[in-house]
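Novice: For reference, the chains in residue letters:
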Amino acid sequence: MALSRDTVLKVAHLARLELSPAEVDEFSGQLGAILDYVARLDELDTSNVEPMVHSVEVANVLRDDVLVPSLPRTAALANAPKTDGRYFLVPPIIEG
Amino acid sequence: MDWTDFSTMDLLDRLRTGELTSAAVTAACLDAIDQSNARLCAFLHVDRTAALAQAEAVDARRQRGEPIGLLAGMPVAIKDVLCTQGEPTTCGSRMLERFAPPYDAHVITRLKVADAVLLGRTNCDEFAMGSSGENSAYGATRNPWDLERTPGGSSSGSAAAVAARMAPAALGSDTGGSIRQPAGLCGIVGMKPTYGRVSRYGLVAYASSLDQVGPFATDVYGAALILEAIAGHDARDSTSIDCPVPSYTATVEQPLAGLRVGFAREHFAEGLDAEIAAAVRTALDIYRSLGATVVDVSLPHSPYSIAAYYLVACSEASSNLSRYDGVHYGHRAENAKTLVEMYSRSRGEGFGAEVKRRIMLGTFSLSSGYYDQYYVKALKVRRLIRQDFDRAFESIDVLAGPVTPTPAYKLGEKANDPLSMYLGDIYTISANLAGLPGIVVPCGFTTDRLPIGLQLLAPPFEEERLLRAARMFERATDWRAKPPASM
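Protein chains in written order, with the numbering used here: chain A, 74 to 169; chain B, 3 to 489.
Just so you know, not all the hints are guaranteed correct.
[What the hints assert, rightly or not] The following label-pair restraints were derived from C-beta to C-beta distances:
id, chain 1, residue 1, chain 2, residue 2, range
1, A, 132, B, 36, 49 to 55 Å
2, B, 270, A, 155, 36 to 42 Å
3, B, 293, A, 102, 50 to 56 Å
4, B, 235, A, 82, 53 to 59 Å
5, B, 418, A, 124, 31 to 37 Å
6, A, 78, B, 450, 42 to 48 Å
7, A, 116, B, 29, 41 to 47 Å
8, B, 36, A, 97, 40 to 46 Å
9, A, 141, B, 11, 50 to 56 Å
Simulated from the structure, these hints should not be mistaken for laboratory data.
Positions of the beta carbon are idealized from the N, C-alpha and C atoms, including for glycine.
Isolated chain A, as found in the complex (with noise of 0.2 Å):
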């Protein structure tokens, strides 16, 4: 069943994803399939099973706190879209 053009706006907006109006159809239908498949896992009892997020579970692997050299501002910028030297710039995040 397909997605609803509601559904995929929102979905997409909350993914900070702009869609063309071509994709949001085309990912209606596509996405409401995949769903649809996805959905045989209610086929299955889960309720006495555990989820499980990692396959080897490793758990609170930490280090000293100890100061470390870190990488350099200039590396750190020299992919930036924009920069003034310092600092990565993006558009207003509030108004005024």
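Keeping the supplied structure of chain A fixed, place chain B upon it in accordance with the hints.
Specialist: Same frame as chain A, now just chain B:
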């Protein structure tokens, strides 16, 4: 001397003694790339001068009697999802068209320490999302065995490069089969290590609980060699496991007495190409002739693996790819007036269709009201799939089976049907969900002269067992072959 006539062990021996120089082998690979890459579209970026300089440096050290690393000047091609400092790393995407990482991935550092020659950057499906190579923003790689057909994906360029002998070895990444499927479709050896065996630091993330870096080679020894060079704990990847790396090359030639080879009944259901099924059954007979027992087992949750995978992988991908927002690196849309507009347009312009589809699917399944029904449900089924394997491995040592349900299909055949593309992942995907190591070796050809692969899976951290079992089969057969030169 034509390096492509030698086994990887022979090639390495000759590089170590200097009978073949790294410069000569590297130059031969670069010439092969010049000759074939326009046709195959395997490499995205090659720097001839830099590659030869690396090779000459290794040769100079060897000539001075200085110690040289495990790989002794062997050229290795690199899938374009592995960060190499200062070199273009596009991940097959327009989003990162001009991106040059400020650091080396852990596996790149390991290759440099081993004195490999980094040969060039290979093509792949965008952000490693795809099973055919057709999702690359820079053109689809072609299968060296038939230029009209897919080499498989997402490590399409690395597989084609090794199959066409443009390189003796390559690195790829495997999240749902992206090393194993191309290896099978291109007639070479490919291996996905246990999750956590190889550091993911510097691997551009697709799905963090599924991704692993692994080798392509022309034979099992080559895979053992590359794995030995790149495996091991790395403090910069907190999912990297701190346990010793055995010397895989020291044991790979030793057969396994009393080997129990399993096959899953569910893998031989309808939908499997008859020639592939026959070749895999013949492989099981070969194992019997080598003294192994062959046991059928059941993996009852197999039919649910694709659904579980795509929910888990796309959910993780939607999170991992949120970093591409036009702020720190990558494509930024022009003339955006607000921050949100900049994010949305940059991502809309920079990503291809499949990437957008997976981000959308992942975002949906993580969203409020759907999270339990989709994402958490998939994680529970993931545990059931892992339990199937744990149970199976109580009575078998390795699980053998097909790699893909069909041989290499024609480019364009599945392009408009994403779900049909996903269904081709049926044999490889469970190993990523369960974290198991897997290897693919060639086991035959179809009547159309297309390669057929055999997959072996083993319990976690049993790469040594896997390599030895694969080598037993390889030694008893003769499927190692080069595609016709006319291709």
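Novice: Mind listing which of the numbered hints don't hold for this structure, in increasing order?
Specialist: 2, 4, 7 and 9
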